[in-house]
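Undergrad: Below, each chain spelled out in residue letters.
2 protein chains.
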Amino acid sequence: MASVHSNNEELETKEMDTRSMSSSRNHSQGTPYIHKVGLPPKQKLFKEFTNTIKETFFSDDPLRPFKHQPKSRKFILGVQAIFPIFEWGRGYNLLKFRGDLIAGLTIASLCIPQDIGYSKLANLAPQYGLYSSFVPPLIYAIMGSSRDIAIGPVAVVSLLLGTLLQNEIDPTKNPEDYRRLAFTATFFAGITQATLGILRMGFLIDFLSHAAIVGFMGGAAITIALQQLKGFLGIRKFTKKADIVSVMQSVFQSAHHGWNWQTMVIGASFLTFLLFAKYIGKKKKNLFWVPAIAPLISVILSTFFVYITHAEKNGVEIVRHIEKGINPPSVNEIFFTGDYLAKGFKIGVVAGMIALTEAIAIGRTFATMKDYQLDGNKEMVALGTMNIVGSMTSCYVSTGSFSRSAVNYMAGCQTAVSNIVMSCVVFLTLQFITPLFKYTPNAILAAIIISAVINLIDFQAAILIWKIDKFDFVACMGAFFGVIFASVEIGLLIAVSISFAKILLQVTRPRTAILGKIPNTTVYRNIQQYPEATKVPGVMIVRVDSAIYFSNSNYIKERILRWLADEEELLKEAYLPSIEFLIVEMSPVTDIDTSGIHALEELHSSLRKRDIQLVLANPGPVVIDKIHASHVANLIGEDRIFLTVAEAVSSCSPKLVEEA
Amino acid sequence: MASVHSNNEELETKEMDTRSMSSSRNHSQGTPYIHKVGLPPKQKLFKEFTNTIKETFFSDDPLRPFKHQPKSRKFILGVQAIFPIFEWGRGYNLLKFRGDLIAGLTIASLCIPQDIGYSKLANLAPQYGLYSSFVPPLIYAIMGSSRDIAIGPVAVVSLLLGTLLQNEIDPTKNPEDYRRLAFTATFFAGITQATLGILRMGFLIDFLSHAAIVGFMGGAAITIALQQLKGFLGIRKFTKKADIVSVMQSVFQSAHHGWNWQTMVIGASFLTFLLFAKYIGKKKKNLFWVPAIAPLISVILSTFFVYITHAEKNGVEIVRHIEKGINPPSVNEIFFTGDYLAKGFKIGVVAGMIALTEAIAIGRTFATMKDYQLDGNKEMVALGTMNIVGSMTSCYVSTGSFSRSAVNYMAGCQTAVSNIVMSCVVFLTLQFITPLFKYTPNAILAAIIISAVINLIDFQAAILIWKIDKFDFVACMGAFFGVIFASVEIGLLIAVSISFAKILLQVTRPRTAILGKIPNTTVYRNIQQYPEATKVPGVMIVRVDSAIYFSNSNYIKERILRWLADEEELLKEAYLPSIEFLIVEMSPVTDIDTSGIHALEELHSSLRKRDIQLVLANPGPVVIDKIHASHVANLIGEDRIFLTVAEAVSSCSPKLVEEA
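Those sequence lines, one after another, are chains Y and H.
Position 305 of the first sequence, counted from 1, bears residue number 305 in full-length UniProt numbering, the numbering being contiguous throughout.
Position 615 of the second sequence, counted from 1, bears residue number 615 in full-length UniProt numbering, the numbering being contiguous throughout.
No wet-lab data here; the hints were simulated from the structure.
Quick caveat: nothing in here was measured; it's all calculated off a predicted structure.
One should not assume that every hint holds.
Same chains, same label: a pair holds when it works inside one copy or across any pair of copies.
[Said to hold, decoys possible] Cross-link-like lysine-lysine pairs, in silico, DSS-like; alpha carbons within 25 angstroms at most:
#1 Lys44 - Lys54
#2 Lys71 - Lys324
#3 Lys438 - Lys173
#4 Lys284 - Lys241
#5 Lys572 - Lys74
#6 Lys313 - Lys467
#7 Lys535 - Lys609
#8 Lys467 - Lys36
#9 Lys44 - Lys467
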């Protein structure tokens, strides 16, 4: 019969697209041909194990270029992998240098005033900020693979470090131990970063979700801005706490006698100038350099102004003293023993992770914009090494800066050489210019920091998060309010907890859906999403939208039985035939564990007691493997496991389908 | 053209099944009709929120029977919901009582010797075990909804409680405070259980996976059996630690002088008797009562034997003293203030959770066997209340016992009345018989405990776990070795950590698969699972097997690009046309968050730079909603989002399909 028929069909072929032809040829053979669900080729246990390891830790296949290469070439590739400068350095030329030079000078002019301000956030003397913009960028330029990132101290990490260190040692009473703990934390931040990279555990930083970062950054920005009120208003007695309540109390308590109007005038006028410069830079993309050099201009103008008017005698706080000369060695200052070792380690791990998150996020953003690949694990090794070396040369935790990297990109940087240029400028500054900063008013630094961190408050992103995912928004707001009302660490903790809770919720209470047939197709879809989809009489089709694990196996079993009870109640009310087959569409079930197998068994026996046949549709490779490994395949019956829902429906009960 | 055609087709209808007909009618209209991906009806934010809450906490729809009922009926239903005895009590009759009486007497004969032994595991005097088999079963009988569970102290919880309490207070030096802490822990175990039930957080106990429980129980059984060597060999100086290394050292160190041969003879002969009774019970199901009463017979025989031979004067340790009379009140003994409050709380939470896990697992098992529904949250309230009342009447943590529940079931119990019968027998024992236990040798109790816990070692289950899921097996073995080599808590911690790590691994490194077309169908499946599936030239189809979240969005993006790079390399070597379309099959993608949306954007822009078009197939309701809420739908193009992979393939490039 089939052969007679195929003639008929050939006539039609031209008008039917090949796809439907093959499908109809298939089913026109009287009894429809049923496809068996494929059992994937058995893998050796060892192979399965190595595959899992490979996907988990080496998902980027880092050894790929090494394949089929002679030994000498492998060595060169290995050196280039650790020091990418040997790779891109060979193609370096004057034209590229021109771009890097301009970009480097621009970010240097931006980083010098920022560095001085940020070191205050970390409760360190101003020169430590500059030190951290000298050595780390040089190390990164040799080992890093991002072309656009600008290395140095950043506001959020400085604040975080300052808060955490202050919990252990009072920086005003015991500045030396405080500094030593800072270097210790920096050392362990570097160790953490490099270790994560070497062990290829870089994916751990992915656990801080985008939403959490947006909230955390926004909260940190506001906290930092509030901290600047001290310098901005010229308050002398200021709280040590960073939460909004303490800070605002401190501000209002000193309102009557503690504010200094001269400071406020200087601060406000230059903040206006800086914000205006920012506005110009935003309006006209080719004027990006205006906001970039505005801070340096503010510093020069205000320093000169204070110097000639001697405003410092009227209570305008000035920087007073910056150590001259480049980084002194600090290996001996790191605590390698004693009580502070553990504390430094703990702080270092947290600061290192946050610094890493920021740097990798920046690196990835620009890599996507210029379409090059960034190896996260390699980056981590570079950032880690840079901080380890930094901790030995009087630097505190450096990382990639959002604002300076953006300027670097817009100024046309080509390679990491722009970081070297910046580093050279900082070197010259340290050697020759630092004494000139003596009269720089603190209010200017406050204004510069405020104008810098304002960018970290990303309203647009928060609105988008609200639109896309309400749960993400809760994580975002949790981080935001956690940071501003409690502390940086608590904000982080809240964000991470909410993000994890979301994953667990999804794994504990996965979605299930009742499927119906979309008219004129063989496609079965969620009847909520496709209201035109129709149910097949006597058959209930449930899709389980998750791997079936111990955490959800009971829920899934009970949820399916509840769908069934609901459905049967409806059918009874309408005097319709009751359910005879329950098809579980398993396409989204990517994995199943022993608890899941037990749930299937229990579902099967519950259904059998009600004279309902359990049918499975399209189990994936892992699932079908496990169904066969246990005795569930025999229990349900091999012939009750189908490739598609459509085949399951037609096979279960062809009569029912015709009626439909 | 379509109308002309439909005539042609009608001729064929009889020989084609309806399904393929509707599909071919669809596609024979020259240009194939494309189905739009349904956008689910917009839900109000509040409704979405309440739905999530409902699915998470009220997934069993507990208020369902209350719907459309008059007030008086609602009240009765409410009372019945809290005290199920009013529900099943109305249908109770003599026939049922006959079953319950026999079952109750059988489990009583089993529980009395077990209770005395288990209280030793908890480092408490023997009467406390009996107390715990008197009050809690009565409370459970009124409030519990399982018909088969037998309530009382159990081996694993006794051991756990003993270990945890011993860490805080030495039971030999300070027995009174130890006992008080035990009641405090019991109180908080009850509070924990009831609170979980009332807050409907019962799903938390699902986080202890089946595999972890199998390993944990096996390890605990071995630890308990090893502990019995003290009583079994008559060793006087025995280690306080429970790990296998300490215990074996203790055993061998006392081998030369510390073992007592009379004790060993009594212990070994009765252990043989008990194991033989077990064997008989296993062979012939209707002789189930033989192993059930064997312990009591052993106790009676051995007590009588010691009494007449005065073996206790030859170093055979005996029970010596059991307090006569029923439970004294102990409300005043609970620590409601002070240091021990927090400690008792901590221990109570852990013990309460483990006790809960055991009871719910038993309840579910028997409910499935007899096909009735068990409300986990309601059970928790019952178990919690029972332990709270227990803590005030000198009981320690009670729960459902595996072994006694099985005997209860086999003896033909009908309702919780069997627990009441058991409780009455324990009452009589406490009032009249306890002095007779004076001469019971400890070796008998050790033998009874060993023969009871042997059942907890489930080799079959471990083998099945190994077959089904290697990762589960690691969790199982982690729990097992953790318990026997370190301690009960560490074993638990290992099991829970591994189980969570598995979930996180799945969420961090989800599977992706390349799909091919299964010949003669419109079905696209994993080419690894279906080697006969063929790739479509110029098109790469990737299926993502997980929700796309912050934890995996980067990995998924990079993995897809790596699939692409691999594929293009292959095509280049074979001089085949390069990829023009990348179809992402999103059926298993049950959810996406903001990080996932960003990953899609980045994937899209990466592909555009390579002149490859991104196409999405079958996004689910949540995903399509979020794709529309963000601007990704416009970015990719509405017309690039299809209902099925087949439609995506044919629409993208009908020419390519014809070539295939």
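Undergrad: Against each hint, give a clear statement of whether it holds in the structure.
TA: Verification of the hints:
Taking the shortest Cα distances, Lys44 and Lys54 sit within 25 angstroms of each other inside one copy (15 angstroms), while across copies they are farther apart (44 angstroms). For a Cα distance limit of 25 angstroms, the shortest separation of Lys71 from Lys324 qualifies neither inside one copy, at 49 angstroms, nor across copies, at 85 angstroms. In this homomeric assembly, Lys438 and Lys173 come within 25 angstroms of each other (Cα to Cα) only inside a single copy, at 23 angstroms, whereas the closest approach across copies is 69 angstroms. Within a single copy, Lys284 and Lys241 get their C-alpha atoms no closer than 40 angstroms, and across copies no closer than 74 angstroms, so neither meets the 25 angstroms cut-off.
Taking CA atoms no more than 25 angstroms apart as the test, Lys572 paired with Lys74 passes between copies only; the shortest distance there is 24 angstroms, against 73 angstroms inside one copy. Taking identical chains as interchangeable, the C-alpha atoms of Lys313 and Lys467 are never at most 25 angstroms apart, the minima being 53 angstroms within one chain and 82 angstroms between chains. In this assembly of identical chains, Lys535 and Lys609 lie within 25 angstroms of each other by CA distance solely inside one copy; the values are 23 angstroms within and 44 angstroms between copies. Proximity of Lys467 to Lys36 under the C-alpha cut-off of 25 angstroms is restricted to the inter-copy arrangement: shortest distance 23 angstroms between copies versus 43 angstroms within a copy.
For the identical chains of this complex, Lys44 and Lys467 are inter-copy neighbours only, at 13 angstroms across copies versus 46 angstroms inside a copy, given an alpha-carbon limit of 25 angstroms.
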